[in-house]
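Participant: Produce the entire structure from the sequences given, and follow the hints as far as they go.
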Amino acid sequence: MSEFLVSLLGERLVNSEKAEVDVQSLGARLSLVGLFFGCSMNAPCKQFNGSLCEFYSRFKKASEHKDKLEIVFVSSDQDQKHWQDFLQEMPWPALPFKDRHKKVREASGDEGSAQPDQPGCE
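FYI, in this note's numbering the residues of the sequence shown are 3 to 124.
Incorrect hints may have been included.
Unchecked claim - Computed list of lysine-lysine pairs in BS3-like fashion (alpha-carbon distance at most 30 Å, straight line): (1) Lys-70 / Lys-20; (2) Lys-62 / Lys-83; (3) Lys-68 / Lys-20; (4) Lys-68 / Lys-48; (5) Lys-100 / Lys-48; (6) Lys-100 / Lys-62; (7) Lys-62 / Lys-48; (8) Lys-100 / Lys-70; (9) Lys-100 / Lys-20; (10) Lys-48 / Lys-63; (11) Lys-83 / Lys-100; (12) Lys-48 / Lys-20.
As the list claims (entries may be wrong) - Quick list of the computed label-pair ranges, beta carbon to beta carbon: (13) Lys-63 / Ser-18: 26 to 36 Å; (14) Ala-45 / Glu-5: 34 to 44 Å; (15) Asp-69 / Glu-19: 11 to 21 Å.
It should be emphasised that the hints constitute simulated quantities derived from the structure, not laboratory data. Ideal placement from N, C-alpha and C gives every residue a C-beta, glycine not left out.
Facilitator: Right, here's the structure in full:
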């Protein structure tokens, strides 16, 4: 899965502490990656983020497969400050702000949707 993830996401993601996350290493341990396409200024995305955070927290605490799933945030925010603020609410990594549009087009075939999508569906 590592090479596929690198081709899709690039070599590096970032987390809420602005630390880089190596995609090759991440992919080596994962079985499932959920892509969360969203925008901080969109109310349904904000609401979905809360629900997704709750699911993610429960899964990471209770599942025997907790190390096999990761979610990656792919933003459609136009403003880096909004992106950074939204990322602070998330326990998972994100595409770097500078890469968000390129990867959304490659992954979804368009500029992204206005509504949040369930992880793993894109």
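Participant: Please write out, lowest number first, the hints stated earlier that are contradicted by the structure.
Facilitator: 13
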